[in-house]
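Place chain G on chain D using the hints.
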Amino acid sequence: MCGIIGVISKNDEKKLATITVQCLERLEYRGYDSVGVASMEGNELEVRKAKGRIDEVVKRLNILSMTGRVFLGHTRWATHGEPNDINAHPHTDCTNSIAVVHNGTIKNFRELREDLESLGHKFKSETDTEVIPHLVEEFKKRGMDSFSAFKSAINSIQGSYAVLAIIKGENKIYFAKKDNPLIIGLGDKMNFISSDIPSFLPYTNKVLILIDGDVGYITPDEIYIENEGKKVNVLDRIKIITWDASAASKEGYAHYMLKEIHESPRAVDDTISGLISDIEDVKNAIKILEESKRIIVIAAGTSYHAGLYFSLLLQREGFNVIPVIASEYYNIKTNQEDSILAISQSGETYDVMMALKEFKANGSKIISLTNVIDSAIARQSDVKLYTRAGPEIGVAATKTFTSQIAALQFLYSLIKGDDYTYLNKAKDVIRRSLDFEGEAKLIGEELSAKSNAYYLGRGLSLPFAMEGALKIKEITYLHAEAYAAGESKHGPIALVEKDFPVVFINLGELVGELQNNVQEMKARKAKTYAISVNERLNTDKEILLAVEDERLSSFAVTPIIQLIAYYSAIKRGNDPDKPRNLAKTVTVG
Amino acid sequence: MKAVVLAAGKGEGLRPYTEKEQKEAITILGKAVISHVLYGLKKAGIEEVVIVTNEHEKQIQDAINVDIPFETVRQKRPGITGAVLDGMDKIPDDEFLLAFGDIIAEPEFYMNLMNSYITGNSKAVFSLVPVSEGMQTYGLAKIVDNRIEIVNEGSTLALAGAYIIPKGDFTDILEYFKKISPFSRYFIWSGKWIDIGYPEDIINAIEVLLSDLNNSIISDKAEISKTAVIGKKVIIEDNAIVDDYSVVKGPAYIGKNAYIGNYSLIRDYSSIESEAKIGAYCEVAHSLVEPRAEIGSKSYLTYTIVGREAKIGASVITVSYPANPVRGRERKLGALISPNEEIYHGQIISPNYRK
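Residue numbers (UniProt numbering), protein chains in the order written: chain D, 1 to 589; chain G, 1 to 355.
Calculated directly from the structure, the hints in this document are not laboratory data.
Beta carbons: idealized from backbone N, C-alpha and C, even for Gly.
Please note that a few of the clues may not be correct.
[Stated by the list, open to error] List of simulated lysine-lysine pairs, BS3-like, C-alpha gap at most 27 Å: (1) G:Lys142 to D:Lys571; (2) D:Lys578 to G:Lys179; (3) D:Lys522 to G:Lys332; (4) D:Lys333 to D:Lys360; (5) D:Lys489 to D:Lys527; (6) D:Lys230 to G:Lys167; (7) D:Lys450 to G:Lys179; (8) G:Lys332 to D:Lys498; (9) D:Lys425 to G:Lys179; (10) G:Lys232 to D:Lys450.
[What the hints assert, rightly or not] Stretch-level coverage of chain D by chain G, calculated; a stretch enters the list once three of its residues show a Cβ under 8 Å from a Cβ in chain G: (11) 35 to 48; (12) 204 to 217; (13) 282 to 289.
[Said to hold, decoys possible] Restraint-style ranges between C-beta atoms, simulated for each label pair: (14) G:Lys178 to D:Glu291: 48 to 58 Å; (15) D:Glu509 to G:Lys178: 31 to 41 Å; (16) G:Lys232 to D:Arg379: 52 to 62 Å; (17) G:Asn146 to D:Ala546: 13 to 23 Å; (18) D:Lys489 to G:Ile217: 49 to 59 Å; (19) D:Lys231 to G:Asp238: 56 to 66 Å; (20) G:Arg354 to D:Asp499: 33 to 43 Å; (21) D:Lys10 to G:Thr171: 46 to 56 Å; (22) D:Gly512 to G:Gly82: 52 to 62 Å; (23) D:Ala546 to G:Arg354: 34 to 44 Å; (24) G:Lys232 to D:Asp55: 38 to 48 Å; (25) D:Asp55 to G:Gly82: 50 to 60 Å; (26) G:Asn239 to D:Asp499: 44 to 54 Å.
So that you can see chain D by itself, here it is in the shape it has in the complex (with noise of 0.2 Å):
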C-alpha cells in the first residue's frame, strides 16, 4: 500500500508545496518507510525523495521551498525493491521530463523493462513503477500525443495501479485506475487527485471516486475521463461529502485497531506467499538454524511472544532454542556456533539493535523477521525474512503479531519437513475466530470493570496467555499478569478471591491438566474464562473454537485476545489505537 496525491493550480500558488506535504500527512498510514515530490512550473521539473518518515523527509530536503503550479506527491510502503532514495516516488524518465507515482504492483515489469532496456532506455531504481514513465517517453518518442502515450502505456502494464503522471510543459495530470484506490477532489481554481478523500478533504468536499478501468486527466478547471474508449460524463460522477469524512481511511471501522484485526486473514496469507517467493532466503534461514548449535531469539514485547512460541516448537523437536527478551540480551555470550533470529515488527526496536550489534561482534549469524523492507535490523542480517501484513498504525500490535506467527510457523514446518501447504487455511481459521467477535467483546467488557486479571495457559498456550496479558495492559489499562497455569499455585493463586478474573488459553493440548487448574481456581471462587480450541475447560465463560488442523489452533485464539483487549478498551473509553505512554516503535533504550 502506499499513498499519492495530486494538486494542480491555476494560479501560482506558493503555498501548493503546503499543501501537498499537508495532503501526504494525512496518507501516511498508507505507508511511511520513503517520500517524494514532485513540483513543476512551465518548462521545470523537479523531483525531491529520499528514505524516511514525511516530516523528517520534508525538513532535510526542504520540500517545502517547492515552487510550481503542478504538485504530485507519495508516501511509500515497500512491498518490493528496498526503500531507499533511489527507489522513492516520483519516478522520471530518461530526459526527466515525465514524472510518475504510482500505487500498486505490475507484475509484467521485468518483461517491460527488458524491451525498454534494449531499446535504450536507461533505468535508476530497482521499482516496477520506472516503467511507466520510460513506456511514455517511448511512445511519445514514436510520434504519439502526451494522452494517447500515456493510455497506451497504461494498456502496457498488468496488474493493479492508481497512477499518476505528469509531463514538463504540461499544466495537467494524467491518471489511471485499476483495483487502487483514486479520487478527484474539485476544488477552487484547484483540483485535487489523491489515495483517499480525507487527504484533500480540508480543501474541497466534492469528489469524484474513480473507477476501475478509468483513465484521463485534470487541470486546474476541467476534469477529463474515459473508460473503455468512451468519454465519462463527469458531471454525473460528482458527490458532496457533506459528512465529516476526516476518519475515512478507517473504512468505517471506529478504530484502526479493530480493522487491523479484520485484516489478518489477508495479512498473514500475504506473509504465507510473500514467503514462498522469497523460498531462497527461507531456506537459507533454515540452513542456518540446523547448522548452529544453539539458536537464540531476541524480541521485545509482542515480537517476543511469537519469538518464545517459535522457541517451544523448536525446543520439542529437540533443538536447543533460548529466547531472550532483547533488553537483557547482556545475560547471554553468543559464538560463531550460535545464530540469532531477531523478531521486530519496525525493524527499527532500539533494544534488539543493541542485543544485535554485541551478538554480531561475537561472530553469530543473524536471520531477521520484520515487516519493513529492508528495516534496520534487516540491514544488519545475514538473512532478512518479512512478514507481509502492510502498514500497521494501531500502536497495540495485532496483524502484525499474527503474521510473526504465521511466519515463524511457516519456518517451522519447513525446519520439521512437514508440508507447509496447510497453511493456506490459517486466514480461514481466523476468519471463524472474527465470527465469535460479539462472544469476546462480551468477554472484554465484564474484564473492564476489574482491576487485576490472570491469564494462564500451557505448553503452546503460554506465548499466547502473555500476549493477551500484555494486550489488555496496553490498552486497558488493566493490571494482568501471564502465568504457566502450573505455576498459579506456586504464587500467584494467594490473590485470588471471590470474583477474580482469571482466563484460560486453552490451544487443545494438556486439557487435563488445564482443567485441573480450572478447578483450583474455581475453588478459590475466582471468575473463570476460557478460549479453547476444540476441547472444554468448563470454565464459568467459555468460548470454544473448532479447529481441524490443531497446528492452526494459535490463529484461532489470536483474534480472540485481541478482540477481548480492543472491547474492554473502548468499554472503558479508552482510545484503543492510542494508548497512554506508549509508541509503535520503541526507538529508545
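For chain G alone, kept in the frame of chain D given last:
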C-alpha cells in the same frame, strides 16, 4: 444520497404495547427512536428520507423532531421485503441507504457507513455488530473470504440495520443481500448500538445513552426546589418541576414540563419524558415513563416501561426479578404498561408483566 427508513414492523417483542404505539415512536431521552435514526442520517449527509410506515403513520410523523426532508409512504406489499420495495420505489438514484427505524446508535454509525462506501468503491456496504444475547432474534452473518454470508446460526456478528445497497429486482430481501454480498464491503460497528425489539432493549438504551454524560445539564427554565437534590449525571429540560425534598440522583433524564413530586427518588438510568408526572414518595430506577403518563404516590418502578398517558395508581410496586429477558444480560425485567392503560392502586406487579 437518499435513505429508506423502515418503520412499519409489527413490534412483536413489545406486544401488546406496539398494538397502540409504533415502537419507532417511543420516546427515549426526549427523542423518538426514529428521530435517533434520522439525526444520525442527517449527520451522515443524507439529503432526503423515505419512511415506510403502517397504520401508525401519523404517530411516526408526529414523533419526528429532526430537521431533515422526509416523506412517509404506507407499506403495501407484505413483510420486510415489501417495505423495502415500497420505499425503494421513491428512490431515483442507483444506490440508497437502507436503515431500520428501530436502531439507537451514535451518528458515527451512519457516518462510518458512508465512509466505508466512499472509500470502498463498491455498490453495497453492510454494517455488522457483535452481539452475545438473544442470538435467535438477530439476522446473523459470517465472514467468508472477504465478504459476508447471511446465516441463521454459528456467528455472533449481527446485521446492524443500516446498509447501502443498489436498487434491484428481488422477491426476498435476505436473498437479495446474499446475491449482492460477493461485491459488497462490510465493516464492524463497535460503538453504541441497540436494536429496540424487547422491553429490555429500551431499559438498556436509557443506560447506554446516559452513560456518556459527564456533567448534569439543567435548563435555566426548570423549576427546581431549593430542598431538592440533583446528582451529577442528570439532564433536566425546560419547565420541568422538581418539587421539595425530591432526589434526582441519576443518571436520569427529566423531560419538558415533567413533574417530580415531593420526596421522590429518581435514580439509575431512568427517563421521565415530557409532561409525565411522578407523585410524591415514589422511587423510579431503570425505567421509562412516557409523555403525559402519571405515577401515583408511593409507587416503586424498576425495570419498567410506562406508556404514553398511562396511569399508575398509588402504592403500585413493580417486581423485576427473577425474570428471563430474551436479550438482557441481567435477569431483571419489570412491567410493560401500554399507552393509556391503567393500573389500579395498591397492586404488586410480577416480573415481565405486560398490559
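Lysine 178 of chain G and glutamate 509 of chain D - C-beta distance against the hinted 31 to 41 Å: 38 Å, holds
Against the range 56 to 66 Å, how does the distance between the Cβ atoms of lysine 231 of chain D and aspartate 238 of chain G compare: consistent or not? 58 Å, holds
Decide if the proposed pair is consistent with the structure: lysine 489 of chain D and lysine 527 of chain D, CA atoms, cutoff 27 Å inclusive. 16 Å, holds
Quick one: see if chain G covers the region 204 to 217 of chain D, three-plus residues with Cβ-Cβ under 8 Å. Coverage by chain G holds for the region 204 to 217 of chain D (4 residues, Cβ < 8 Å).
Lysine 178 of chain G and glutamate 291 of chain D, beta-carbon distance inside 48 to 58 Å? 54 Å, holds
Is the distance from the Cβ of asparagine 239 of chain G to the Cβ of aspartate 499 of chain D consistent with 44 to 54 Å? Given range 44 to 54 Å: holds, Cβ gap about 45 Å.
Range hint 49 to 59 Å (beta carbons of lysine 489 of chain D and isoleucine 217 of chain G) holds or violated: 52 Å, holds
Taking the Cβ atom of aspartate 55 of chain D and the Cβ atom of glycine 82 of chain G, is their distance within the range 50 to 60 Å? Roughly 56 Å apart at Cβ, these two residues keep to the hinted range, so it holds.
Need the status of pair lysine 332 of chain G, lysine 498 of chain D: alpha-carbon distance at most 27 Å? 23 Å, holds
Please verify whether lysine 232 of chain G and lysine 450 of chain D have alpha carbons no more than 27 Å apart. Roughly 23 Å between the alpha carbons, so the hint for lysine 232 of chain G and lysine 450 of chain D holds.
Proposed proximity, lysine 167 of chain G with lysine 230 of chain D (alpha carbon, max 27 Å): 25 Å, holds
Taken at face value, is the distance from the CA of lysine 179 of chain G to the CA of lysine 425 of chain D at most 27 Å? With a Cα-Cα distance of about 25 Å, the restraint between lysine 425 of chain D and lysine 179 of chain G holds, given a limit of 27 Å.
Violation of the numbered hints given earlier is confined to hints 2, 7, 11 and 13; the remaining hints are satisfied by the structure.
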